[in-house]
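Enquirer: Here the protein sequences line up with chains P and Y, keeping their order. So the working numbering is basically just the index in the first sequence, starting at one, shifted up by 4. So the working numbering is basically just the index in the second sequence, starting at one, shifted up by 279.
Please keep in mind that the hints were generated in silico from the structure rather than gathered at the bench. Note that the structure is a prediction, hence the values are computed from the model and not measured. In this text, a Cβ means the ideal position worked out from N, Cα and C, and glycines have one as well. Incorrect hints may have been included.
[What the hints assert, rightly or not] Some chain Y residues well away from chain P (every beta-carbon gap over 12 Å; in silico):
| no. | residue |
| --- | --- |
| 1 | L303 |
| 2 | L331 |
| 3 | R351 |
| 4 | R367 |
| 5 | A379 |
| 6 | T476 |
| 7 | C490 |
| 8 | E496 |
| 9 | E520 |
| 10 | F554 |
[What the hints assert, rightly or not] Rough simulated footprint, nothing fancy, chain Y against chain P, three-plus residues with beta-carbon under 8 Å:
| no. | region |
| --- | --- |
| 11 | 30-37 |
| 12 | 236-245 |
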Amino acid sequence: MNTPSNAVPGSHADSQGIAGPPMLRTRPMYWSVRRELWESRSIYIAPLVVMALVLFGSLISMVRLPGRMETLPAHDPAVEQALIRVFSIAPAPIMLATFLVGVFYSLDALYGERRDRTILFWKSLPVSDLTTVLSKASIPLVVLPLIAFVLSVATLGIMLVLGTAILLASGLSPATLWAKVHFFQEPLIMIYGLTVHALWFSPIYAWLLLVSAWARRTPVLWAALPPFAIVVVERIAFGTSHFCSLLRYRVTGALEEAFGINTSGGGVGHIDQLSQLTPLTFLSSPGLSIGLVFAAAFLVAAVRLRRYREPI
Amino acid sequence: MACIEARGLRKAFGATVALDGVDLRVEEGRILGLIGPNGAGKTTALNAILGLIPYQGELSVLGHDPWAERERLMRDVSFIADVAILPRWIRVSQALDYVAGVHPRFDRAKAEAFLAKTTIKRTSKVRELSKGMVVQLHLALVMAIDAKLLVLDEPTLGLDILYRKQFYDSLLNDYYDHSRTILVTTHQVEEVQDVLTDLMFINRGRIVLSCSMEEIESRYLELLVHPDNLAAARALGPIHERQVFGRSILLFDHADRDQLAALGEVRRSSIADLFVAVIGNQAGQPGGAAR
C-alpha cells in the first residue's frame, strides 16, 4: 500500500475499498510549494527589493552617461566599458540575494514548523514527509533560480529601455548600447549559470534542510559548527587542510567546472560568450556527481527525521 | 472491524514509561473520552494512534499501522491537537485552498457553510482571530472532511464557556452521524459527560477503567448518606468517600440500588467524581487496578 507513489496520494485508487464519496483529485506537491510561498514571502520580496536597488543604481549611472559620451568620441573604449560594466553586474546582486534567501529559508524550513507547533497541523493532513521535504527543497533548487532568472531578464530589459530613452533624449544614438547587449546570449548564459549552481549547491541546501529537521535550537550554529570543527581538528591533528579546500571547491567549483574559470587565480572574469560555457566538463566532473549523491543522502535523512520529529 | 485496536501498546521516553502495555478496542461509531491526569499518557496514546511516534506492541487504526502508513491513514482520520497549531500566518481563504488541494475527502462547500455561521472573514489571517475563532476555523476545516475517525486532544483548552459549549454542540449536531468515531481527551470532564458514549480512564500509562456510559450509570452510584446510617453505608464497601457541607457522600461500584436507597439519597455519579475516586485511590497504590 505504501508504495513510492505516496508522493501523489489520491492519484491511485483506494485499494482498500472503503466506502465513501469519490476521492477528489489532489495535488499535494503543488499546494505544498504554494504554501511555502505564502509563508515565506521573502522568497520573492527580497529579490524584488534588490532588483529595485539595482535599477535605482543603474538609473543614476545611465543618467551620467550622456555627459561622458559628449566629452569622449562615440566609439571610445571608456564609454563601451562603462556600458558593459553596468549591464554585466546588474544580475549578480539579484542572484546573490536569491542564494542568501535560499540559505536562510532552508535553515528554517523544517525547524520553524516544529518551533511553532504547526507540524501537528501539517501532519494531520494526508501529505507524506517525502512530499513535504521535496516541496521545501524545491524552493532553493527550482523556485529561487526561476525567480532570479525572471527578475534578472526583466532588470536588463528595463535598463535597456531606460538607457535608450536617456540617450535619445540627449540626442545621442543608442546604437553602441544595443550593439553591446546580447539579447539571446545573456538569458542563455543566465539559465545555464543558475542551473549549474542549483545542481552544484544542492548538497549545501540539502545539508541545511537536514540540520533544520534535526536541530532543537539555533540551526545556524549546528549547520556551521560541524564543518568548522572538522577543519580545525584536521589542521591541528594532521597539519593539513583538505576539508577546507573541499569546502572552498564546493563554493567556487561550479565556476571552474561549468565556465572553465580558474578561481584560484584571483578575480573572476566576466562571462559574456557562449564559448566560455563548458557543460560537458561540468556534467562529467566528479564534483557534481558526488555532490548530488550527498544531496540525495541528506534529503533522505531529512525525510526520516521529519517522521520522528515532534514540536519543540 | 474495530476502529482502533491496541494490544500491549508500550512507549518509553528514556527511563520514563509513558504507555505501559495498553490494551484497548474502540468500535466504530463510538464517542470515547480518554480521561487522565497530567502525564498519564493521553497525548502519547493519541500520538501513537495518529502515527506521530513509533511504539512497541500492536496497534491498528482503521486497519492500518499508523506509524508505517501515516499519510494513508490521514485520509480517513482528522485531528485537532489544540488551538495553537493552525499557522498564524495563514489566511482563512488560504487554509481552505490548501486543505482542499491536499485532502481527497474535503468538502469545501461544507466548510464555507460552517464559516458563514461565524463572524470569521475570509481575508483574515489566523493571527488576527481570537482563540475561539481559531477553534471555529479548525472545526470548520475538520468537519468538512469526511473522516472515519476524529481525534481531539484538549480541543477546548483555554476557551471561554460559550465557545466550549458551541464546540460540542456543532460536533454532535453537524458532524457526528453514528458511523464516525470520535476520540477526545480533555480536562474538562463535566463538559463531555453528556457527549460521550464510552469512557476510559488512563493513569501512569495504563487503562484503569474502560466502559460505556450506560454501564457507568448502572454500575456507579452515589449515596448522600443520612448521618445515622453512615456506619451501615461504610460497611457496604464504598470505593470513595467525600464530605460536602458536613455530609458524607459515598461512591459505590456494583451496589444494590434499593439497598442504598434505604440509607440515604441515591444519584448517579458524575464523571468528575468517579475520576477523583478511581484515580485518587490509585495514588496510594502504584499499579493497582480500581476494579
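Enquirer: A separate judgement is required for each hint: does it hold in the structure or not?
Expert: These are the hints, each one checked on the structure:
Every CB of chain P is more than 12 Å from the CB of Y/L303 (nearest about 21 Å), matching its label as outside the interface. Not every beta carbon of chain P lies more than 12 Å from that of Y/L331, the smallest distance being close to 6 Å; the non-interface claim is violated. The beta carbon of Y/R351 sits about 6 Å from the closest Cβ of chain P, which is not more than 12 Å, so the claim that it is off the interface is violated. For Y/R367, the condition that its CB be more than 12 Å from all CB atoms of chain P is violated, with the nearest at approximately 7 Å.
Not every Cβ of chain P is farther than 12 Å from the Cβ of Y/A379; the closest lies at roughly 8 Å, contradicting the non-interface assignment. Separation of Y/T476 from chain P is adequate, the least Cβ-Cβ distance of about 22 Å exceeding the 12 Å criterion. Every CB of chain P is more than 12 Å from the CB of Y/C490 (nearest about 29 Å), matching its label as outside the interface. Interface exclusion of Y/E496 from chain P stands, the closest Cβ pair being 34 Å apart, more than 12 Å.
The claim that Y/E520 lies off the interface holds: its Cβ sits roughly 41 Å from the closest Cβ of chain P, which is beyond the 12 Å cut-off. The non-interface label for Y/F554 is consistent with chain P: the shortest C-beta to C-beta separation is roughly 26 Å, beyond 12 Å. For a cut-off of 8 Å, the count of residues in the region 30-37 of chain P with a CB near a CB of chain Y stands at 6, and the three-residue condition holds. For the region 236-245 of chain P, the stated coverage by chain Y is violated: 0 residues have a C-beta nearer than 8 Å to a C-beta of that chain, whereas at least 3 were required.
Against the hints set out earlier in the document, violations occur for numbers 2, 3, 4, 5, 12.
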